[in-house]
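Residue numbers for the sequence shown follow our numbering, so the first one is 1365 and each next one is one higher.
FYI, nobody ran anything at the bench for these hints, they're computed from the structure. Please read these numbers as outputs of a predicted model, since none were measured by experiment. Just so you know, not all the hints are guaranteed correct.
[To be verified] Calculated lysine-lysine pairs in the PhoX-like style (CA-CA distance at most 20 Å, straight line):
hint: 1; residue 1: Lys1472; residue 2: Lys1446
hint: 2; residue 1: Lys1381; residue 2: Lys1472
hint: 3; residue 1: Lys1373; residue 2: Lys1472
[Claimed, not checked] Listed next, with one range per pair, are the computed distances between beta-carbon atoms:
hint: 4; residue 1: Ala1409; residue 2: Glu1471; range: 16 to 26 Å
hint: 5; residue 1: Val1452; residue 2: Ser1419; range: 13 to 23 Å
hint: 6; residue 1: Glu1383; residue 2: Ser1411; range: 29 to 39 Å
Don't be surprised by glycine CBs; every beta carbon is placed ideally from N, CA and C.
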Amino acid sequence: TAAVSFDNKTINAICWKPESNYITVGGLNISESNDLITYQLSAGALSSVNTLDLSGTVSAIDWSPDGNYLAVCVGSTLYIRKSDLSAVTSADCEVNINSIKWDADSEKVIIGRNSISGNEIRVYDFTNEYLYAADGGSASYTGDAKSVDWSSTSGYRVAGGTEDGNLVVAQVTDDSTVSLNGVNSVDWRSTSDIIAVGGDKKTFEVNTVSGKTVSSLDSYNVSCENNATINAVSWSCTGKYVAIGATPAT
1365 TAAVSFDNKT
1375 INAICWKPES
1385 NYITVGGLNI
1395 SESNDLITYQ
1405 LSAGALSSVN
1415 TLDLSGTVSA
1425 IDWSPDGNYL
1435 AVCVGSTLYI
1445 RKSDLSAVTS
1455 ADCEVNINSI
1465 KWDADSEKVI
1475 IGRNSISGNE
1485 IRVYDFTNEY
1495 LYAADGGSAS
1505 YTGDAKSVDW
1515 SSTSGYRVAG
1525 GTEDGNLVVA
1535 QVTDDSTVSL
1545 NGVNSVDWRS
1555 TSDIIAVGGD
1565 KKTFEVNTVS
1575 GKTVSSLDSY
1585 NVSCENNATI
1595 NAVSWSCTGK
1605 YVAIGATPAT
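Hey, can you work out the whole structure from these sequences and the hints?
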């Protein structure tokens, strides 16, 4: 077990670099003036290898599956950085970004934004180290899109938020919507078309996707104690286990 103290600073985002012992964390001035730090885990200890002052609060980060690029969200700006955190490109996304995810080919990123005229979900193509808004990549969502993800194999994208409590699963122009108590986090299982969903009012659900049908797997669904709000869900790389983070802390 390894730990780093941030003196009561808030860590908003954390992501392992694929197939490595590097982990990147983001927040606001989490270490002196640095908002983004990459650590190396070695011999049970974490050592800082790269730091970056972005003069703003990091809300979301995600490493590309090939490990070459890091997507970073600060306010309404999406940054693409190299492994050493040097600049590649950026895009103004107009309103605050809550969540971001690379696709399996490291060629697209999907973002979930705060509510703005029914255009909360946006997809960007990443080509020749530039970002381009993907044709037909935007999607409406009533309320803030708090969490987004891609399926590993079938080309679906998924998003969820808290204001309208819907989980939206889309492929090209087709989409399916499931009403829940509120969605704070989604994670697509890497080994199948199964989605873990965490939300308000003790909501934790596992949903399976088949074509345009999204079905709840009731046998997997659980309730947390003390009216907990589930803030984060994450499948293990094997798809056998799912980790859940909640408030009060669980």
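Now the hints, each set against the structure:
1. Lys1472 to Lys1446: The given pair, whose Cα atoms are some 16 Å apart, holds under the 20 Å limit.
2. Lys1381 to Lys1472: Roughly 17 Å between the alpha carbons, so the hint for Lys1381 and Lys1472 holds.
3. Lys1373 to Lys1472: Answer violated: Lys1373 to Lys1472 is near 31 Å, above 20 Å.
4. Ala1409 to Glu1471: 16 to 26 Å: Check failed, 35 Å falls outside 16 to 26 Å.
5. Val1452 to Ser1419: 13 to 23 Å: holds (18 Å)
6. Glu1383 to Ser1411: 29 to 39 Å: violated (19 Å)
The structure is inconsistent with the numbered hints 3, 4, 6, although it conforms to all the rest.
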